[in-house]
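Protein sequences appear in the order of chains A and B. Under the numbering used here, residues 65 to 204 are what the first sequence spells out, in order. Under the numbering used here, residues 9 to 491 are what the second sequence spells out, in order.
Derived by calculation from the structure, the hints in this document are not laboratory data. Bear in mind the structure is a predicted one, so any value in this text is a computation, not a measurement. Accuracy of the hints is not assured; some may be wrong.
[Said to hold, decoys possible] Derived BS3-like pairs: lysine-lysine, alpha-carbon spacing no greater than 27 Å straight-line:
1) Lys-164(A) / Lys-484(B)
2) Lys-167(B) / Lys-200(B)
3) Lys-427(B) / Lys-68(A)
4) Lys-124(B) / Lys-484(B)
5) Lys-164(A) / Lys-261(B)
6) Lys-426(B) / Lys-173(A)
7) Lys-166(A) / Lys-124(B)
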Amino acid sequence: MNEKLAGFEEQSHTADLEIKVWGEDLTSLFLTAADGMFHLSGIEDYEEGFSAVKDTISLDAMDYEGLLILFLEELLYRLTEDYMLFSIEKLSINTDFSLKAKLKGTQIKSYQRDIKAVTYHRLNIRETSQGYEVNIVFDI
Amino acid sequence: MVSITDLKKISDYEWEIPVSYRADMRVPVRIFASETLLKDVTRDKSLEQAVNACALPGLVGSVKVMPDMHQGYGFPIGGVAATRYPEGVISPGGIGYDINCGVRLLGSRISYHDGKSYLGELATALNKFCPSGVGTGGHHSLSTKDVEDVCRKGSRWAKDNGFATDQDLRRTEDGGQLRGADPRFLSPRALKRGMEQVGSLGAGNHFIEIDLVSQVFDQKAARAMGLNEGDLALQIHCGSRGLGHQVCSDYVKSLQGVVARYGIELPDRELVCAPMDSPEGEAYLAAMACAANYAFANRQVLSHYAREAFESVLAGVVKDWHLHLVYDVAHNIGKIETHEVDGKSVKVCVHRKGATRAFGPGSEDLPPEYIKIGQPVLVPGSMGTSSWVLRGTSEAMARSFGSSCHGAGRVMSRSQAKKKIFGEDLLKQLERDGIKIQAGSMRGLAEEAPAAYKDVDEVVETVTKAGLAAKVAQLKPLVVIKG
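Let the hints inform the model, and build the full structure from the sequences given.
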């Protein structure tokens, strides 16, 4: 992924964690947000071989913001409950605020930080000249 | 951003953001803070978040903010808001993801003199008996039916299973069993997340700490609580673990579409809410009570294992190694209570997010031994600093819906703390100060460094000078267990 067109950056937040995420389109924004969340979880070490476990996600929401939160929650649940780190093989986001994702995963042994939740606090996906950006606050 | 010039000074320790500050405010904000603490909070978004909370339908009085306030999401941490029951709203984001995160204090008759040589062994034993750390479960693997039972009964489940005494239940807010809990309102995911985590500490700012009762300020109250200067005490700080997080996530999600149906407009969608007499509001209340009960049971089971840890080290070494519960308080919760507002008795739901109930003397919700002195209010400090035992006052009932502060309150973000402080250096510093630390990770330790928090002594000075609580005893940390 082109670093300039997509990325995330930790923002200052007194108690919780906030990241600013940007991407050239919604798909890249969602995928980068997932990368950002896994980064905050502190997954540094995992076995390669993402093809071992396959999964799918099918979600719908009222808007793209809601869809983004649901998408991240799905990945977070699999991480914290099943110790599964998923890479997204295919992601299609539709204009009716639904998405389908094909995942391939690998088992992890541990992660460094418990993220309690992905919040809706001041959530707003903004259109920029480069694509889209959003700030996400995680409760930890 | 709200600045100091927007505030009206009520007294040296109380300030107001009037309703005229923003058009969508239904009630004013009342901030309990010294001038120094106030300067801290104008640096982050806590006051703006308090103003946002003033938009909730059904609010009475004013939205209160405690001196340990800091920026959160939706509500600020340290926020207290009361909505008229049942037509007012309940907001899951005004309670938080860690439903019934709380703290309990256990006292002992073990003198520091007798116990000091065994602190290292006690640290190791607590670490062994009380599971802690990121993603770590407890000693128990429960069925879905068992989890439902925990959610219905709370600390009573712990008693039925040999983890609690009658006195433990009596000295827990609501007897450790919030009414109205109905597991039918929990998602399968919430139940699944509850299966492995009863009796586990978790990570983050949760801890178990052995303290020294270093100074008693109110002999009568301390005697009623069984706290003696020079003796050891134990604090446990944790909540409802994954089950509670899931309940909040489920309802913040499902209420997103509901607010428009009830004609509610909000400045932040994390504040989503529903009238308490609506099907959605009733469902959340029932699910929240389940998570609250899970947290009560969790802290109770951890207390049982802490008692076993003490017994394993001190039985036969000191005369009395028992730990008695002083009190257990919730600091992230919504409670249906009756308060006096404008001279009238009103039934309300008090949202306390990072605030502790602080009922004054005479409250019928208190166990008989505390009726005369008021409710014990537990204020843990940051790691390595003092903690405080206070008692609730009649003034708190009149001015803050019977609420007080819940801790020191952060001032520095986790990333700043990590940049400035190295876990290893901090560990050495704390050990030089005579504090034994058992920590899951050095990174986690640095994030929770005392420098990242406000001065708890000043926070306590503020609530006592504002009249919301009175000092009973100061505690100094000796051993800290962190996940």
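How the hints compare with the structure:
no.: 1; hint: Lys-164(A) / Lys-484(B); in the structure: 54 Å, violated
no.: 2; hint: Lys-167(B) / Lys-200(B); in the structure: 23 Å, holds
no.: 3; hint: Lys-427(B) / Lys-68(A); in the structure: 25 Å, holds
no.: 4; hint: Lys-124(B) / Lys-484(B); in the structure: 13 Å, holds
no.: 5; hint: Lys-164(A) / Lys-261(B); in the structure: 19 Å, holds
no.: 6; hint: Lys-426(B) / Lys-173(A); in the structure: 24 Å, holds
no.: 7; hint: Lys-166(A) / Lys-124(B); in the structure: 57 Å, violated
Checked against the numbered hints above, the structure violates hints 1 and 7; every other hint is satisfied.
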